Every structure is written in C-alpha cells, then in structure tokens.
Amino acid sequence: MGDIVVDIFLETLEQLVTNSELLSIIGEKRQLQSLEIEIKYLREFLKVTEKKRAYRSDESGEADQRRGT
1 MGDIVVDIFL ETLEQLVTNS ELLSIIGEKR QLQSLEIEIK YLREFLKVTE KKRAYRSDES
61 GEADQRRGT
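Counted from 1, the sequence shown has number 64 at position 64 by the working numbering; the numbering is strictly sequential.
Don't take every hint at face value.
What the hints assert, rightly or not - Label-pair distances were calculated between CB atoms; the ranges are:
id	residue 1	residue 2	range
1	E50	E14	52 to 58 Å
2	G2	E28	37 to 43 Å
3	T49	I26	30 to 36 Å
4	K52	T12	55 to 61 Å
As the list claims (entries may be wrong) - 30 Å max Cα-Cα, derived BS3-like pairs, lysine-lysine:
id	residue 1	residue 2
5	K47	K29
6	K40	K29
7	K51	K40
8	K52	K40
Calculated from the structure, these hints are not laboratory results.
Quick caveat: nothing in here was measured; it's all calculated off a predicted structure.
The beta carbon of each residue, even a glycine, is placed where N, CA and C say it ideally should be.
With the sequences and hints as input, model every part of the structure.
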C-alpha cells in the first residue's frame, strides 16, 4: 500500500514539474512575441523618422538653392 502511495506521489510530482516547465516555456514564448512586436513597431518608427529626416534635408537644400547658397 505504501509503495502505491509513493508511486502516485512521484507521478504527481513529475506532472507538476512538467506543467511548471510548460508554463515557463509558454511565458517565454509570450515574452518573445511581445519583443518581436515591439521590434516591429520600432522599425516602422525608424523608417518614418528617416523619411522625415530626408524630407527636411530636401527642404533645407531647396531653401539653400533659392537663397543662392
């Protein structure tokens, strides 16, 4: 009888460890997905910033040409 209780306890403990590991993996995956989304938005922000910078640079060059400099 004692052996059965120990076996059940060990199986339950093994399942708890496995479930804990799975939850950890799921949490890490969600964290990675969040980081990927953040990187995506940062890349878009950089593209827009570069376009604005190029536009301002073009405007500045045109103004210089109009002034004859």
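Structure-based check of all given hints:
no. : hint                     : in the structure
1   : E50 with E14: 52 to 58 Å : holds, 54 Å
2   : G2 with E28: 37 to 43 Å  : holds, 39 Å
3   : T49 with I26: 30 to 36 Å : holds, 35 Å
4   : K52 with T12: 55 to 61 Å : holds, 60 Å
5   : K47 with K29             : holds, 27 Å
6   : K40 with K29             : holds, 16 Å
7   : K51 with K40             : holds, 17 Å
8   : K52 with K40             : holds, 19 Å
The structure agrees with every numbered hint stated previously.
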